[in-house]
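Engineer: The primary structure of each chain is shown beneath.
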Amino acid sequence: MHDLILTIISKYNYWIYIVLLMIGLYAMMVKKNLVKKIIGMNILQTAIILFYISIGAKKDGTLPILLHTHHTGHHLVRAADYINPLPHVLMLTAIVVSVATLGVALALAIKVYHQHGTLDEDEIHARIRK
Amino acid sequence: MIWYIELVITIMVVICGIAAITVRDLLGAAILFGAYSFMMCLLWAIMGAVDVAFTEASVGAGVSTVLFVAAVFRTSRRTKD
Amino acid sequence: MKVVGLIIILLCGGLLAYATTDFPNWGDPTSPAAMHVSAYYIENAVTDTSVPNIVTAILADYRGYDTMFETAVIFSAAIACFLLLRIFTPKSSQSRLYRHIATGITLRIEPGGKLPEKSDTFERIDSSWVPHDLIIKTACRLFIPFIQIFGLYVIAHGHHSPGGGFQGGVILGASILLFAVSNDLRSTISRMGEKLTAFLCSAGVFVYAGTGTLCMLLGANFLDYGALASLLGVDPVLARSHGILMVEIGVGMTVMAVMVSLYYILSSDGKLNEGL
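Residue numbers (the working numbering), protein chains in the order written: chain Y, 1 to 130; chain V, 1 to 81; chain A, 1 to 276.
Just so you know, these hints were derived from the structure itself, not from any lab. Accuracy of the hints is not assured; some may be wrong.
[Unchecked claim] Computed cross-link-like contacts, DMTMM-like style, restricted to lysine to aspartate or glutamate with a CA-CA straight-line distance of at most 25 Å:
no.: 1; chain 1: Y; residue 1: Lys11; chain 2: A; residue 2: Asp184
no.: 2; chain 1: Y; residue 1: Lys37; chain 2: V; residue 2: Asp25
no.: 3; chain 1: Y; residue 1: Lys111; chain 2: A; residue 2: Asp184
no.: 4; chain 1: Y; residue 1: Lys11; chain 2: V; residue 2: Asp25
no.: 5; chain 1: Y; residue 1: Lys59; chain 2: V; residue 2: Asp81
no.: 6; chain 1: A; residue 1: Lys195; chain 2: A; residue 2: Glu274
no.: 7; chain 1: Y; residue 1: Lys59; chain 2: A; residue 2: Asp28
no.: 8; chain 1: Y; residue 1: Lys59; chain 2: A; residue 2: Asp184
no.: 9; chain 1: A; residue 1: Lys2; chain 2: Y; residue 2: Asp122
no.: 10; chain 1: A; residue 1: Lys91; chain 2: A; residue 2: Glu43
no.: 11; chain 1: Y; residue 1: Lys111; chain 2: V; residue 2: Asp25
no.: 12; chain 1: Y; residue 1: Lys32; chain 2: Y; residue 2: Glu121
no.: 13; chain 1: Y; residue 1: Lys59; chain 2: A; residue 2: Glu274
no.: 14; chain 1: Y; residue 1: Lys11; chain 2: A; residue 2: Asp22
no.: 15; chain 1: Y; residue 1: Lys130; chain 2: V; residue 2: Asp25
no.: 16; chain 1: Y; residue 1: Lys111; chain 2: A; residue 2: Asp22
no.: 17; chain 1: Y; residue 1: Lys111; chain 2: A; residue 2: Asp28
no.: 18; chain 1: Y; residue 1: Lys59; chain 2: Y; residue 2: Asp122
no.: 19; chain 1: Y; residue 1: Lys37; chain 2: V; residue 2: Glu6
no.: 20; chain 1: A; residue 1: Lys195; chain 2: A; residue 2: Asp184
no.: 21; chain 1: Y; residue 1: Lys111; chain 2: Y; residue 2: Asp81
no.: 22; chain 1: V; residue 1: Lys80; chain 2: Y; residue 2: Asp122
no.: 23; chain 1: A; residue 1: Lys2; chain 2: Y; residue 2: Asp81
no.: 24; chain 1: Y; residue 1: Lys37; chain 2: Y; residue 2: Glu123
no.: 25; chain 1: V; residue 1: Lys80; chain 2: V; residue 2: Glu6
Please read these numbers as outputs of a predicted model, since none were measured by experiment.
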């Protein structure tokens with residue numbers, strides 16, 4: 001039991017990401033409105049980004065920006081002092097791609113609204129079938 | 001980082017996320033999504049990812065919310081669920 | 001459907017939670033993600049490129065190829081939005097709405113009618129009009145130059161502080177969006193037109209790819225900024241820093257133009273006549 005508590009506390013960042021991921025997935029599957037589905041997609045994307053950023057954190061590490069480089073010459077930089085910058089780079093790309101996807105998804109939703117007059121999935125299915 | 005601030009922000013993130021998909025008014029959902037984005041940005045800034053937090057603050061809580069409001073303005077505001 | 005959805009996400013969440021028992025602890029310095037390549041980047045970024053912000057150095061120099069294609073992705077998102085929604089209607093075939101300022105009477109001029117000439121007694125309005133809000137307009141007019149200067153600062157100072165091309169580009173785009181929201185869309189389009197936005201989008205990608213091709217023409221690999229040393233007259237380490245600045249400017253231009261273009265098309269249904 002003590003082991004289980006220790007496991008939960010030492011890995012609690014993963015639990016947050018799982019909760020948010022499932023919220024986003026639920027919104028995409030169950031909600032009938034198109035804009036709610038798009039919001040669910042964005043929540044899913046930010047949850048994935050949170051997962052990657054939490055992988056890059058290090059105990060007692062500082063920000064990945066080096067100080068005092070040009071004044072004191074090139075002294076040794078230890079990798080264990082700084083947090084891992086590689087997931088940050090990948091996630092910068094992911095954020096920009098997510099806003100691009102959001103733009104195109106909203107354009108598609110507006111187009112569907114022009115065509116059918118509603119954003120509700122059930123009504124759109126009924127109108128297509130008629 | 002002070003652990004109770006981190007705990008409060010984490011709980012706020014989950015509450016904003018659940019509220020953004022439950023509210024029946026689409027304009028309210030867009031604003032709540034902006035608040036959710038901003039809370040995530042704070043969470044990443046706590047974890048030390050300053051570049052990512054900067055990008056999310058400008059993109060998620062800025063441009064993304066404006067695009068949502070513009071799309072809601074052009075379509076309907078009410079939703080059945 | 002809701003019950004099925006709940007069951008699915010509970011199962012999926014349970015499986016993911018079971019898989020996390022194998023992950024390394026949070027903040028472990030010896031986790032596999034923090035060894036190998038990442039340690040090399042941290043230790044050698046300043047000696048290779050003289051840029052203290054390691055994230056910018058990796059983004060624009062070590063992984064510059066990914067960033068170029070990401071710029072192309074956001075450019076193609078703007079093209080996709082344009083192709084989906086944009087409708088071209090000739091200006092003479094729309095009816096216009098004018099309002100007499102003194103009495104508040106609204107005129108609707110059908111196509112083919114005589115338009116009031118530019119005078120102070122009539123103003124042109126949108127179909128959803130609210131009264132003149134002086135506070136918002138004046139406050140936003142005061143803010144917007146400072147936001148733009150801050151955006152330019154973020155792009156230029158990306159080497160030493162958090163920032164870079166994307167963040168600065170989005171801030172610049174957000175300043176124009178602020179102008180469009182506080183005033184109306186028509187005055188924004190008269191200041192920053194659609195053709196200028198499209199030109200800036202493609203010019204940014206061109207600057208990025210052009211820097212890479214310039215390095216190739218000077219004899220090195222594609223996007224190897226050390227070759228710019230002979231052109232700029234500095235040593236290769238500083239040339240890499242200048243190469244990073246050039247591509248960041250390209251990325252900033254594209255991102256700004258794409259944000260503005262997405263807003264124009266989304267808020268006016270593709271017609272670009274009236275908006276939020």
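Engineer: Take the hints in turn and mark each one as holding or not.
Structural biologist: So, going through the hints one by one against the coordinates:
{"no.": "1", "hint": "Y:Lys11 <-> A:Asp184", "verdict": "50 Å, violated"}
{"no.": "2", "hint": "Y:Lys37 <-> V:Asp25", "verdict": "14 Å, holds"}
{"no.": "3", "hint": "Y:Lys111 <-> A:Asp184", "verdict": "23 Å, holds"}
{"no.": "4", "hint": "Y:Lys11 <-> V:Asp25", "verdict": "36 Å, violated"}
{"no.": "5", "hint": "Y:Lys59 <-> V:Asp81", "verdict": "44 Å, violated"}
{"no.": "6", "hint": "A:Lys195 <-> A:Glu274", "verdict": "18 Å, holds"}
{"no.": "7", "hint": "Y:Lys59 <-> A:Asp28", "verdict": "6 Å, holds"}
{"no.": "8", "hint": "Y:Lys59 <-> A:Asp184", "verdict": "50 Å, violated"}
{"no.": "9", "hint": "A:Lys2 <-> Y:Asp122", "verdict": "14 Å, holds"}
{"no.": "10", "hint": "A:Lys91 <-> A:Glu43", "verdict": "60 Å, violated"}
{"no.": "11", "hint": "Y:Lys111 <-> V:Asp25", "verdict": "21 Å, holds"}
{"no.": "12", "hint": "Y:Lys32 <-> Y:Glu121", "verdict": "5 Å, holds"}
{"no.": "13", "hint": "Y:Lys59 <-> A:Glu274", "verdict": "53 Å, violated"}
{"no.": "14", "hint": "Y:Lys11 <-> A:Asp22", "verdict": "10 Å, holds"}
{"no.": "15", "hint": "Y:Lys130 <-> V:Asp25", "verdict": "29 Å, violated"}
{"no.": "16", "hint": "Y:Lys111 <-> A:Asp22", "verdict": "45 Å, violated"}
{"no.": "17", "hint": "Y:Lys111 <-> A:Asp28", "verdict": "48 Å, violated"}
{"no.": "18", "hint": "Y:Lys59 <-> Y:Asp122", "verdict": "50 Å, violated"}
{"no.": "19", "hint": "Y:Lys37 <-> V:Glu6", "verdict": "29 Å, violated"}
{"no.": "20", "hint": "A:Lys195 <-> A:Asp184", "verdict": "19 Å, holds"}
{"no.": "21", "hint": "Y:Lys111 <-> Y:Asp81", "verdict": "51 Å, violated"}
{"no.": "22", "hint": "V:Lys80 <-> Y:Asp122", "verdict": "11 Å, holds"}
{"no.": "23", "hint": "A:Lys2 <-> Y:Asp81", "verdict": "48 Å, violated"}
{"no.": "24", "hint": "Y:Lys37 <-> Y:Glu123", "verdict": "16 Å, holds"}
{"no.": "25", "hint": "V:Lys80 <-> V:Glu6", "verdict": "35 Å, violated"}
When held up to the earlier numbered hints, the structure conflicts with 1, 4, 5, 8, 10, 13, 15, 16, 17, 18, 19, 21, 23, 25 and fits the remainder.
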